[in-house]
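2 protein chains.
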Amino acid sequence: MVLSLIGVGLEPEDITLKGLRLARECETVYLEKYTSIVMDDQEIERVVGKKIELAYREDIEGVGDAEARIITEAKQKHVGLLVVGTPLFATTHTELMIRAQELGIEVNIVHNASIQSVVGCCGFNSYSFGRTVSIPFFLEGWRPYDFFRNIMSNFDSGLHTLCLLDIKINEPTIDTLLGRENKRYNRFMTINEAISQLNEAAAHHHSDMLATQKIVAVERLGLPTERFAYGTAEELGGAAYGPPLHSIIVPSGKGNAMERECLERFFQSYQTP
Amino acid sequence: MVLSLIGVGLEPEDITLKGLRLARECETVYLEKYTSIVMDDQEIERVVGKKIELAYREDIEGVGDAEARIITEAKQKHVGLLVVGTPLFATTHTELMIRAQELGIEVNIVHNASIQSVVGCCGFNSYSFGRTVSIPFFLEGWRPYDFFRNIMSNFDSGLHTLCLLDIKINEPTIDTLLGRENKRYNRFMTINEAISQLNEAAAHHHSDMLATQKIVAVERLGLPTERFAYGTAEELGGAAYGPPLHSIIVPSGKGNAMERECLERFFQSYQTP
Numbered sequence: 396m397v398l399s400l401i402g403v404g405l406e407p408e409d410i411t412l413k414g415l416r417l418a419r420e421c422e423t424v425y426l427e428k429y430t431s432i433v434m435d436d437q438e439i440e441r442v443v444g445k446k447i448e449l450a451y452r453e454d455i456e457g458v459g460d461a462e463a464r465i466i467t468e469a470k471q472k473h474v475g476l477l478v479v480g481t482p483l484f485a486t487t488h489t490e491l492m493i494r495a496q497e498l499g500i501e502v503n504i505v506h507n508a509s510i511q512s513v514v515g516c517c518g519f520n521s522y523s524f525g526r527t528v529s530i531p532f533f534l535e536g537w538r539p540y541d542f543f544r545n546i547m548s549n550f551d552s553g554l555h556t557l558c559l560l561d562i563k564i565n566e567p568t569i570d571t572l573l574g575r576e577n578k579r580y581n582r583f584m585t586i587n588e589a590i591s592q593l594n595e596a597a598a599h600h601h602s603d604m605l606a607t608q609k610i611v612a613v614e615r616l617g618l619p620t621e622r623f624a625y626g627t628a629e630e631l632g633g634a635a636y637g638p639p640l641h642s643i644i645v646p647s648g649k650g651n652a653m654e655r656e657c658l659e660r661f662f663q664s665y666q667t668p
Numbered sequence: 396m397v398l399s400l401i402g403v404g405l406e407p408e409d410i411t412l413k414g415l416r417l418a419r420e421c422e423t424v425y426l427e428k429y430t431s432i433v434m435d436d437q438e439i440e441r442v443v444g445k446k447i448e449l450a451y452r453e454d455i456e457g458v459g460d461a462e463a464r465i466i467t468e469a470k471q472k473h474v475g476l477l478v479v480g481t482p483l484f485a486t487t488h489t490e491l492m493i494r495a496q497e498l499g500i501e502v503n504i505v506h507n508a509s510i511q512s513v514v515g516c517c518g519f520n521s522y523s524f525g526r527t528v529s530i531p532f533f534l535e536g537w538r539p540y541d542f543f544r545n546i547m548s549n550f551d552s553g554l555h556t557l558c559l560l561d562i563k564i565n566e567p568t569i570d571t572l573l574g575r576e577n578k579r580y581n582r583f584m585t586i587n588e589a590i591s592q593l594n595e596a597a598a599h600h601h602s603d604m605l606a607t608q609k610i611v612a613v614e615r616l617g618l619p620t621e622r623f624a625y626g627t628a629e630e631l632g633g634a635a636y637g638p639p640l641h642s643i644i645v646p647s648g649k650g651n652a653m654e655r656e657c658l659e660r661f662f663q664s665y666q667t668p
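Protein chains in written order, with the working numbering: chain A, 396 to 668; chain B, 396 to 668.
Honestly, the hints are just simulated from the structure, not real lab data.
It is possible that part of the hints are untrue.
Intra- or inter-copy, both count: the list cannot distinguish identical chains.
In the DMTMM-like style, the derived pairs of lysine to aspartate or glutamate whose C-alpha atoms are separated by at most 20 Å in a straight line are [stated by the list, open to error]:
1) 649 x 490
2) 578 x 453
3) 649 x 541
As the structure is a computational prediction, the values presented were derived from the model and not from experiment.
Please work from the sequences and hints to get the whole structure.
Quick look at the structure:
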């Protein structure tokens, strides 16, 4: 039968006409909740005009060798999966697509805006971004500093870096995993936490980049309430910010003249909060 | 007054609900024709449900010191500009946004899918792309080989490269520029032309990358008729392809295991045309 992977962008009104048509044709529509920002289920339900089920990691990736529920159902009927941002951005959806195609399920892909496609917002040229990095929540005894190497490599090549900050959606607590309780939680890395981790990673790599280079703190990139702040890591790390998602852009040291002018003119209206 | 920059994605049904709402609120709506693929004006007119004017480079960037028509009009009323793909992808729109804001014009930005946000299509992880390069039409006496340096740099860093191929929309002929005739033309670089230029640039940089490394030829990336071919530059350079747009992906030599598996499984069903 059919599996439609439908990107819904960053807010409910971002759904495309094609996405809306396919979502309405589906017998069952899921909203993927765990990989990205929390989109308001009721709002998207109202826009699509039908009941929407929530899908968690196990529904999409399966558990162990068990087939994912969404695949099992797509063998029998037309199943839709609403993906915040755009599908195929990470390998989860690519694997889902390939697995479905191997089973003879027809797959529709509906593209949309992703956080990566909106980085032009503050005057950066999209062509001048290098590899995007993800900053994971450090744990005691697990402090992976590798992402900083990618930032340095982009910087040395004259490229900006978009840093996506870690999120945990519907994560079980340790006690839940041990069967002692049944609690799950959401957690979004703040700009402050990210800057603290950036500083730690920079020290590990003996880099003084953050001491000499201004960076951009972005709240809710791509949403109507987005806000930018431009300053040193020290200035931005001590400031207060609003609700998630937060992101950080580390500009290249170079940038062409037009881009630098855009950036400077743009940030004249933005101060460190 | 108001200027709405509305991304319409890659085909008419890609417009978002927000884009549709704003386009319908505008007193005048333009479709930007010159920077990207030719979207069917009548089809998008039918979708939006109102008359749409075509905008060319001079309407958006102005000529010399003259103010761009779209800015002049946006001082008086709500003007919309439909942009194929997503706005703010290149600096043209960023400059337009900043110029309008300086004049006290309210600016709305409606994001959408861009060609860069759909590269996950063939199993590539979006996070593993380096800087995107543009391959310009070479002219006699003007053969800029710099783009190849960026491909090599991505390759050496274990990153894929999306190569966007040059397009000319509504370009005047030399005789039109000289006032001898009034002809304009459209031209889209083919995969074959791009591979020929890639080979020339590789030779200039003494690189044997294209002799040892398979690449991906993409027709109409992100559209329902998209097709992929995977092979050596020699194989793909001699093949026949369908209508534009064409693109090329130069995969990194490395890639993680999962990604490589995705790619290999994906391309099992695609042969050199």
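Alpha-carbon proximity between residue 649 and residue 490, which holds within one copy, between copies, both or neither at 20 Å: between (38 Å within a copy, 19 Å between copies)
Homomeric proximity label, residue 578 with residue 453: Cα distance no greater than 20 Å: Within one copy, since 17 Å is at most 20 Å while 59 Å is not.
Same-copy or cross-copy closeness of residue 649 to residue 541 [CA-CA at most 20 Å]: Between copies only: 17 Å across chains, 23 Å inside a chain, cut-off 20 Å.
Violation of the numbered hints given earlier is absent; every hint is satisfied by the structure.
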